[in-house]
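Asks: Letter by letter, the chains look like this.
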Amino acid sequence: MRHIEVNDASKIYKVGDLIIKAVDSVSFNIDKGEFVSIIGHSGSGKSTLLSIIGGILSVTSGNVYFNGRDIYNLDEHALSQYRAEKIGYIFQFASLLPVLTVRENLLLPTIFKAGTNGNVEQKIEKYLWMVGLQYKINAYPSQLSGGQQRRVAIARALMNDPEVILADEPTGDLDEITEKETMDLLKRINRDSGITFILVTHNLDLARNAGKWLKMDNGRLKEI
Amino acid sequence: MKFSLLTIALRNIKRKPFRTAVLVTAIALLVSILVFGTSFLYSVKSAMERASNRLGADVLVVPTGARSFADEVLLETKIKVFYMDRSILDRVREVEGVSRVTYQTYLTTILGLCCDIPPTTVVVFNQETDFVVNAWLNESFGRKLEKGEVIIGNEAFENLGLLDVGRSLLFGVEFNIAGVLQKTGTGFDNAIFMNDENIDDVISRGKAGVKRGDISLVFVKVKPGYDPYTVSRNIEGAILEVDTVERSSMGKRIISTFKDVSSVFLITIILASVLSAFLAWTVFSAIVNERSREVAIMKAIGAKGSHIMMMFILEVMIIGAVGSLLGIEIGTFLSLKLSKIFGLLKDISISLSPVEQFRIGLLGFLAGTGICIIGALSPIIRMKRLDPYAAIKEA
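Top line first, the protein sequences correspond to chains Z and A.
167 is the number that our numbering gives to position 16 of the first sequence; each next residue is one higher, with no gaps.
334 is the number that our numbering gives to position 330 of the second sequence; each next residue is one higher, with no gaps.
Honestly, the hints are just simulated from the structure, not real lab data.
Some hints here could point you the wrong way.
Taking CB as the label site, the calculated pair distances span [claimed, not checked]:
(1) Z:Gly-297 with A:Lys-18: 23 to 29 Å
(2) Z:Tyr-286 with A:Leu-275: 52 to 58 Å
(3) A:Ser-310 with Z:Gly-194: 46 to 52 Å
Just so it is clear, CB atoms sit at the ideal spot from N, CA and C, and this is done for glycine as well.
Bound conformation, chain A alone (with noise of 0.2 Å):
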């Protein structure tokens, strides 16, 4: 490498390895707390908007009482089974403003009982009205489920242990397993797919605990020019029996929820920048008591201000880099690792793209390198101002 002050810099760095070592690893934990915190509420949030928008509703018309169960089981995969009559389907589309409607009825499955399969949601859904899940199907199966097959989603493929197997036994009807769903960031990447034209047979064989004519829930696609929240507030005077949820509400319980866990985490990381912007600068202090000598002869020999601020700067943006690079890795590998034992997110579908990722990661960089430099930034301007005779002379 050619000698110059990145030379130095470096050589000053491994000169105190357990300083270097302490000041590392303070801002790898502020990173990593930062990188950790930022990807965990993101992941909530972006999953939340994902999953409501991807749904392809404008509203969703729930049995009265059961606002909440909607979120629970589109978005947080939790299983729920409710019920309401299907004359509801076409009540609603006689509302003004309502364009599409289509439904989908949940059933559960109760291991032994009366599938081969652990507790999982079964959504039974009308291929011909349908503009939920076609959509998915389509991108992943590119055709439709004929009578006596099932899809599944992608999570549930590998949860439930369907892998390489071709059949499954659900309510007592033998099902087969026709292919799985792309991931869709959504609760039914946990879910089992069938077409009602299955409901029948299910409902004969008495194991479903579902009635005829009960559907779950009503997907309503608005007509142009109508708001939603109109259209909404329209269903619930024509119908007393239902609830709606419109879908820019959809997880606001969730959110407002991740709103006190990210108090937390914004005064965690504050104090933690506080602390390691100190530590910052008390290692520096010390750096620079210790090479003002140095400093003084560079000085005397020719080095500017500016010559003596940048090698100081090399060698804390180094710490601080190396730092946060490694907070980075940590704070990743726990918001991968750690997040599914939170209670609250273990049922959300969370995955950051790559792009998310990188902003988080460089978000986490930039924040661990300035606060670093912030820190030692009062010592280093010391040493630039430093007098090399009156340093020489102390020396």
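Same shape as in the complex, but just chain Z (with noise of 0.2 Å):
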């Protein structure tokens, strides 16, 4: 059984008479810890398709399976739990909430999985020494840089032990140091806790970091 497993996944969009098909007819696999870079230009549909693994965005036909399960065969309640317990994610944009500290950000993801056991705070502590941002737990978020935000929001990813974590753009507008520094992160947690990363980047540097590259064009999968 594969970790995913993308069989013939299309999104296909109707506007107007405009038939826009974001992902078209996509399969493959990933096995449990890999590290995949998915690439290809704006508007290719690997930021779609990111989605679609994520349980944010139904296929319009296809299916994707996560340990052998189809994620778009769940129920609105069973995606959401999916959401929470399988998968982290780090957006291309701040993410934070405005209104909570670094530790309350911290916090928010474990709201929302049933079961969160008491060692939270040691989570925190934990993954916050990891990103290096220790010092920031009090913090609110427009107290931090850019690169500070995003490295919190890789320790938010993390917080429910997921076992897929979906980076889109992470490093998309960080300066060249905090964006090695970022990629240095992502590449360790891989390989220390055997977490599988997907990453989706146009930058061809970037991609390199992974094992193994998917390159997207026109919603199609090009090469593997």
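Please assemble the complex out of the two chains, which come individually in their own frames, going by the hints.
Replies: Okay, here's the thing in structure tokens:
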């Protein structure tokens, strides 16, 4: 059984008479612990594909299996549970809630997961230490730089012990040094924890950090 | 505080203090109108009922044409004098269905002329036959009044400035102030009571404007099995010089006047409710538009629709609850302080029990919070159903 199996998945939009195939009959597999990059130009469908895997955008046709279970056969409740328990999401924009401190932003996913145990404070300490921001625990996002906010978002993605982390252009608006630090951090987490990583980027240099590449072009998977 | 959806709701409320204040103020105004209006109407209705119930009589007999005076003296504390001959008492006693009768005579004080207190009603009653005042007298005083003694109604005691005064001049006769009655909730709270043993002394001084043998009102208890309405008609049929008022119809004039006032209140409350609900809808529509990206992120990291719904409902409930509590305070304050400026009410003994006040407060709280939730519900449901992908893409 493959960890993630995308089978002939398509996402088609109709805008008036125009039919847009954002993802067009894409099939591929990802094994547990792999670090996969999805590359492609803007509008090639890579973020759409990531959203489909993340359970926030349903397919028009085809299937997405996670540990052998078709996630789009799940009801709304189970799909939310899948997102809360199995997936960690890192967005391409600042995604921290501005009214919450760093600590509270890290706690946020834990209130959506049923049966979160009492060691969350230890986890916060561990992941903030891992991203080097333990001294910013009570800071608000507005008091952090863009790179620091991205690192907090990475720590937040780890809070519910996900099996997969989906990172959508996680270094998109960062300078080169911060970009490299962030990528090193993601690689380290992948290596140390065995969490599967799927990274969407249009930057070939970043994509080279991955063990496997998928290239999207006009909604189709071109090469592996 | 443990981190929860409540923490997020509270932070979001603080995020836009001005907007929150506008909504809280709107709800507070709505609830204050509701509490003020309800307290106002409820207290009048309950004062009327309480007063007529506590009179202990089934039928009142007054001189012809003085029917409204009974209400005015007994319920509204108005100073009125009206007299009929005492022989009426015996004639009423003879009417079929009458069980017991007693009478009262009303005198009016005039400061400086006959008395040393401002104008007020002095109730002369017969302690031997009385079944109206004696019950209160026993509760407050524990014994009968002696000749030369008066007892003061609860509000008259303060209103007339009789605190700590042991004696008072009434109609040229000096009386001992023997005590103060407990609050009765009737017009008698503003009166002074004396036994009819004193009436000869009072009349002999010629300062009371009353003749020997004058009485103002006859109280009637009907025999078991007799209908007060029928007995009332019997009395009017038998004695042409009198009119009768059944206890159940006392205060009807005031209550019917208040029906119009209550309609005005009701329309005001409905309009204010619609306005508040519309304001809540507007404010929360703006809030959800601003926060759609945050909600999308929360959904993407595992929030269910119910989490989103709960977060916003908590927010709107807190705003509604704070506004409602504020409104209850304002409404209660207004009903206590302003009721006396209304001419129709200033003579009525108004007071709500803590239970009645609690009920009205609870009604205001539920209405204020409920209207806030109803107004905000549509935008909140929109957020519950938000497509996270589309919202993130838009961002």
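Asks: Okay, Ser-310 of chain A versus Gly-194 of chain Z on CB: inside 46 to 52 Å?
Replies: Roughly 35 Å apart at Cβ, these two residues miss the hinted range, so it is violated.
Asks: So does Tyr-286 of chain Z sit 52 to 58 Å from Leu-275 of chain A, Cβ to Cβ?
Replies: holds, 56 Å
Asks: Does the Cβ distance between Gly-297 of chain Z and Lys-18 of chain A fall inside 23 to 29 Å?
Replies: Cβ of Gly-297 of chain Z to Cβ of Lys-18 of chain A: about 25 Å, so the range 23 to 29 Å holds.
The structure shown violates just one earlier hint, number 3.
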